[in-house]
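Enquirer: Taken in sequence, the protein lines are chains A, B and C. Note that our numbering has the first sequence beginning at 1, numbered continuously upward. Note that our numbering has the second sequence beginning at 1, numbered continuously upward. Note that our numbering has the third sequence beginning at 1, numbered continuously upward.
Hints are computed from structural coordinates only; laboratory data are not their basis. Careful: at least some of the hints might be erroneous.
[To be verified] Label-pair ranges, simulated between beta-carbon atoms: (1) Pro360/C x Ile287/A: 53 to 63 Å; (2) Arg149/A x Gly27/B: 46 to 56 Å; (3) Asn252/C x Arg142/B: 47 to 57 Å; (4) Ser323/C x Arg142/B: 37 to 47 Å; (5) Asp46/A x Asp297/C: 36 to 46 Å; (6) Gly150/B x Asp248/C: 44 to 54 Å; (7) Asp46/A x Lys177/C: 21 to 31 Å.
[Stated by the list, open to error] Just some of the chain A residues that point at chain C, by a computed CB distance under 7 Å: (8) Met63; (9) Gly67; (10) Arg237; (11) Cys254; (12) Gly257; (13) Ile287.
For each residue, glycine too, the CB sits at the ideal point set by N, CA and C.
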Amino acid sequence: MANVIETERESKGVLTVESMLPLRFRINRVRKETHDAFTLDLEATDGAAACKFSPGQFNMLYMFGVGEVPISISGNPETPDTLVHTIRAVGPVTKALRTVKRGEFLGIRGPFGSTWPVAEAVGNDVVVVAGGIGLAPLRPAIYQLFAERERYGKIAILYGTRTPADILYRRELEQWRARFDIEVNITVDRATSNWRGNVGVVTNLIPKATFDPYNSTVLVCGPEIMMRFTITALQKRGVPLDHIYVSMERNMKCAVGFCGHCQYGPFFVCKDGPVFSFDRIKDWFYIREL
Amino acid sequence: MDTLEPILQEHPFLMGLNPGHIKLIVGCASNMRFDAGQKIFQEGEEANAFYVVRSGKVALEIYAPDRGSLIVETLGAGDILGWSWLIPPYQWHLDARVVELTRLIALDGKCLRKKCEEDHELGYELLKRFASIMEQRLEATRMQLLDLYGERD
Amino acid sequence: MKKSKELTGNIFIIERADFDALLASLIQHKYQLIGPTVRNATIELCEIGGTNDLPVGWTDAQNEGTYSLEKRNDKALFGFASGQHSWKQFLHLPTVRLWKTNANGLSTESAEEEHPDRSVAFIGARSCDLHAISIQDKIFLDSLYADRSYKLRRRDVFIVAVNCTKPGGTCFCSSMKTGPKATSSFDLALTEIINDHQHFFVTEVGTERGKEILNEIPHHAASREQVASMEELIAGASRTMGRLLNTDNIKNMLYRNYEHPRWNDVAARCLSCANCTMVCPTCFCTTIEDDTSLQGDNAERRRKWDSCFTLDFSYIHGGSVRSSVKSRYRQWLIHKLAAWIDQFGVSGCVGCGRCITWCPVGIDITKEANAIRASEKISSTT
Numbered sequence: 001m002a003n004v005i006e007t008e009r010e011s012k013g014v015l016t017v018e019s020m021l022p023l024r025f026r027i028n029r030v031r032k033e034t035h036d037a038f039t040l041d042l043e044a045t046d047g048a049a050a051c052k053f054s055p056g057q058f059n060m061l062y063m064f065g066v067g068e069v070p071i072s073i074s075g076n077p078e079t080p081d082t083l084v085h086t087i088r089a090v091g092p093v094t095k096a097l098r099t100v101k102r103g104e105f106l107g108i109r110g111p112f113g114s115t116w117p118v119a120e121a122v123g124n125d126v127v128v129v130a131g132g133i134g135l136a137p138l139r140p141a142i143y144q145l146f147a148e149r150e151r152y153g154k155i156a157i158l159y160g161t162r163t164p165a166d167i168l169y170r171r172e173l174e175q176w177r178a179r180f181d182i183e184v185n186i187t188v189d190r191a192t193s194n195w196r197g198n199v200g201v202v203t204n205l206i207p208k209a210t211f212d213p214y215n216s217t218v219l220v221c222g223p224e225i226m227m228r229f230t231i232t233a234l235q236k237r238g239v240p241l242d243h244i245y246v247s248m249e250r251n252m253k254c255a256v257g258f259c260g261h262c263q264y265g266p267f268f269v270c271k272d273g274p275v276f277s278f279d280r281i282k283d284w285f286y287i288r289e290l
Numbered sequence: 001m002d003t004l005e006p007i008l009q010e011h012p013f014l015m016g017l018n019p020g021h022i023k024l025i026v027g028c029a030s031n032m033r034f035d036a037g038q039k040i041f042q043e044g045e046e047a048n049a050f051y052v053v054r055s056g057k058v059a060l061e062i063y064a065p066d067r068g069s070l071i072v073e074t075l076g077a078g079d080i081l082g083w084s085w086l087i088p089p090y091q092w093h094l095d096a097r098v099v100e101l102t103r104l105i106a107l108d109g110k111c112l113r114k115k116c117e118e119d120h121e122l123g124y125e126l127l128k129r130f131a132s133i134m135e136q137r138l139e140a141t142r143m144q145l146l147d148l149y150g151e152r153d
Numbered sequence: 001m002k003k004s005k006e007l008t009g010n011i012f013i014i015e016r017a018d019f020d021a022l023l024a025s026l027i028q029h030k031y032q033l034i035g036p037t038v039r040n041a042t043i044e045l046c047e048i049g050g051t052n053d054l055p056v057g058w059t060d061a062q063n064e065g066t067y068s069l070e071k072r073n074d075k076a077l078f079g080f081a082s083g084q085h086s087w088k089q090f091l092h093l094p095t096v097r098l099w100k101t102n103a104n105g106l107s108t109e110s111a112e113e114e115h116p117d118r119s120v121a122f123i124g125a126r127s128c129d130l131h132a133i134s135i136q137d138k139i140f141l142d143s144l145y146a147d148r149s150y151k152l153r154r155r156d157v158f159i160v161a162v163n164c165t166k167p168g169g170t171c172f173c174s175s176m177k178t179g180p181k182a183t184s185s186f187d188l189a190l191t192e193i194i195n196d197h198q199h200f201f202v203t204e205v206g207t208e209r210g211k212e213i214l215n216e217i218p219h220h221a222a223s224r225e226q227v228a229s230m231e232e233l234i235a236g237a238s239r240t241m242g243r244l245l246n247t248d249n250i251k252n253m254l255y256r257n258y259e260h261p262r263w264n265d266v267a268a269r270c271l272s273c274a275n276c277t278m279v280c281p282t283c284f285c286t287t288i289e290d291d292t293s294l295q296g297d298n299a300e301r302r303r304k305w306d307s308c309f310t311l312d313f314s315y316i317h318g319g320s321v322r323s324s325v326k327s328r329y330r331q332w333l334i335h336k337l338a339a340w341i342d343q344f345g346v347s348g349c350v351g352c353g354r355c356i357t358w359c360p361v362g363i364d365i366t367k368e369a370n371a372i373r374a375s376e377k378i379s380s381t382t
């Protein structure tokens with residue numbers, strides 16, 4: 001992991017103060033995605049190595065004088081020299097991040113967390129179910145699936161968002177859809193009448209998607225309510241619970257398992273997650289205010 | 001209609017109905033086709049049919065004077081369209097506009113209503129199935145209502 | 001300097017008169033002594049200079065939500081139980097500066113100046129607290145990442161443990177199997193024996209380092225009677241604990257009861273004041289604070305103690321996951337007694353009783369857990 005400076009190797013663990021130290025990354029490109037989401041392309045500076053990561057992992061992004069937030073990595077794991085983060089402006093730090101410009105710097109710590117089981121899914125059908133900004137942490141997994149397309153069975157990408165204007169990575173989705181070997185189905189919660197696509201909840205897309213429920217790996221990411229209903233719909237189709245993976249979100253401060261904020265039952269979302277096999281967390285998922 | 005019977009029999013909606021009832025329903029069925037842009041029905045019109053979508057896409061819309069038509073749901077192959085024929089005052093509450101060339105099986109609601117009044121068992125079976133569809137639509141609508149991807153207020 | 005004769009293994013006697021020499025010897029070896037002292041109407045832990053700083057002749061009366069100091073009728077040095085302080089504040093510092101940076105592209109300094117310049121000796125650590133320290137060792141040294149600040153402080157700590165001969169008012173270490181006798185993680189373990197005609201310390205050596213220090217002060221071998229006396233006193237303490245926590249399969253018991261009505265009951269009392277987490281010797285949660293100078297040209301990142309009882313502890317965009325006091329109390333208790341076992345292989349509770357004493361409304365963790373167990377509705381279906 002590039003950003004954790006190992007100054008002493010122990011039998012377990014490395015010194016943590018350095019993994020609390022952000023490394024300086026330069027912003028090379030700022031792209032507006034939707035009215036509240038934007039993508040930053042970043043590059044390591046000061047001789048630091050590129051941020052090599054696996055799909056599903058996140059970094060802590062530090063904006064000088066404002067604060068730090070956990071953001072999933074949304075780029076291609078094969079080209080880590082460009083670190084890509086798609087961010088939704090919902091709080092003070094992310095809203096401030098929306099004002100950054102090319103050439104400015106951010107502090108990056110990471111990568112942290114568990115990963116989408118792309119390698120483990122080889123030989124299976126793969127279904128990616130994304131809601132809203134949830135497509136961003138899934139995109140690196142999609143890139144990896146495409147990189148070795150022949151090793152997987154059917155691949156379906158099901159994506160639901162608020163309105164057509166909120167569709168993330170629209171051009172890419174259209175490119176993916178144009179492929180003959182991927183099923184891409186998009187729906188929105190509502191639209192004006194010039195929308196020719198689907199309108200309705202993303203769970204509506206599950207009964208009709210083409211995949212073998214008994215031999216599939218399903219990756220789900222979105223608001224927790226959406227994930228809950230998606231899991232019910234997948235269960236209805238017969239997908240075993242240990243083939244469903246979700247990405248959980250909790251308050252994070254340190255991202256290395258010390259501050260205790262991200263605890264979810266016995267799990268630390270920053271190191272046991274954020275990606276979990278649903279089977280592993282099924283006893284916790286329905287407990288309220290956990 | 002001989003050609004429609006096999007299609008209708010296969011449809012999950014009619015599964016479990018006894019052959020006599022299926023024959024009754026098939027007797028009220030006819031093939032239809034709509035081109036993109038056409039309206040299948042409009043809000044306020046008398047609801048005297050329901051449809052089984054065979055292929056294509058239908059948008060259920062509500063018209064707002066200041067915003068134009070807003071799509072609240074789209075239906076596609078295999079979906080059932082329309083339940084207002086079953087519940088008084090038998091009036092459509094939404095517009096149904098065809099988005100792309102759509103083929104449907106139309107079922108004569110007036111005819112079926114009469115048959116349901118005579119044969120309560122048929123009526124009960126149909127109501128059960130439509131109740132299930134309505135429940136699914138309601139659940140989905142509520143999820144849409146939550147505006148899950150929107151900003152927290 | 002008397003040569004020790006080891007009649008009973010590693011156990012010796014230090015006479016009260018020679019106890020001062022023990023502390024003096026540690027000071028001579030450049031240890032900073034940290035021990036109990038009477039201050040602010042309680043017994044606090046802080047730097048001490050010698051025996052006179054200890055709470056000589058003091059004891060405490062503790063119960064749910066109450067603490068008071070009382071004079072003893074003897075001059076025992078360690079005749080009390082735990083105060084609100086634990087040793088955690090010296091190893092897992094309340095505030096640690098992680099780094100400092102300036103605005104022009106993050107030229108940073110790590111918090112090198114936090115490095116302690118002197119090794120520290122803990123005087124009078126109880127077995128429960130020793131277990132707490134080794135639990136925090138698991139968290140900060142044995143996990144995926146190691147914490148440097150903790151490690152630097154932990155490395156050379158000299159521990160003079162004290163075995164309890166009388167339980168404190170809120171203690172339940174025997175339930176948690178963390179005492180009253182210290183069995184490991186100490187350099188020297190003392191059991192104070194005091195009566196009308198004697199005052200001495202039965203001293204068990206735990207490490208080579210402890211042996212070296214002991215060899216510098218007057219001491220002699222312990223007789224079998226003296227050792228038996230010590231064992232009996234400690235066993236007596238174990239037998240007379242005022243509280244018990246049934247730990248039988250406690251993890252699964254609590255995991256089954258996230259929706260138990262008892263949580264509503266305790267929520268009606270809990271003020272979410274966070275006292276329990278501050279006095280608990282194993283609670284480790286922190287927050288990260290980024291501070292920017294008013295001119296906006298410098299920023300610092302600090303790590304500070306935090307508590308899961310605060311409302312924004314679990315804040316994600318839009319709101320807190322645990323917004324009710326009930327959910328926060330539940331989180332603390334189930335983490336402490338159950339989830340901790342999945343996370344670190346041991347219970348998070350060492351039975352020191354501090355949370356019971358220092359809760360302003362007197363909530364008792366043993367009562368709550370036992371109540372849930374007692375009134376659990378066992379489902380009749382499989």
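Enquirer: Under the criterion of a CB-CB separation shorter than 7 Å, is Met63/A in contact with chain C as hinted?
Expert: violated (9 Å)
Enquirer: Lying within 46 to 56 Å: is that true of the beta-carbon distance Arg149/A to Gly27/B?
Expert: holds (49 Å)
Enquirer: Would you say the C-beta atoms of Asp46/A and Asp297/C sit inside 36 to 46 Å of each other?
Expert: violated (20 Å)
Enquirer: Would the stated hint for Cys254/A survive a check requiring a Cβ distance to chain C of less than 7 Å?
Expert: Holds: closest Cβ of chain C sits about 6 Å from Cys254/A, inside 7 Å.
Enquirer: Are Pro360/C and Ile287/A spaced within 53 to 63 Å by their CB atoms?
Expert: violated (28 Å)
Enquirer: Quick check on a hinted range of 21 to 31 Å for Asp46/A and Lys177/C, using CB atoms only.
Expert: violated (51 Å)
Enquirer: Kindly confirm whether 47 to 57 Å is satisfied by the beta carbon distance between Asn252/C and Arg142/B.
Expert: violated (35 Å)
Enquirer: With a cut-off of 7 Å on the beta carbons, see whether Arg237/A makes it to chain C.
Expert: Interface hint status for Arg237/A: violated (27 Å vs cutoff 7 Å).
Enquirer: That 44 to 54 Å hint for Gly150/B and Asp248/C (C-beta), does it hold up?
Expert: holds (48 Å)
Enquirer: Would you say the C-beta atoms of Ser323/C and Arg142/B sit inside 37 to 47 Å of each other?
Expert: Hint violated: Cβ distance 22 Å, outside 37 to 47 Å.
Enquirer: Under the criterion of a CB-CB separation shorter than 7 Å, is Gly257/A in contact with chain C as hinted?
Expert: The hint holds - Gly257/A has a Cβ within 7 Å of chain C, the shortest such distance being about 6 Å.
Enquirer: Would the hint on Ile287/A stand, with a C-beta cut-off of 7 Å toward chain C?
Expert: holds (5 Å)
Going down the numbered hints, you'll see the structure goes against 1, 3, 4, 5, 7, 8 and 10, while the others check out.
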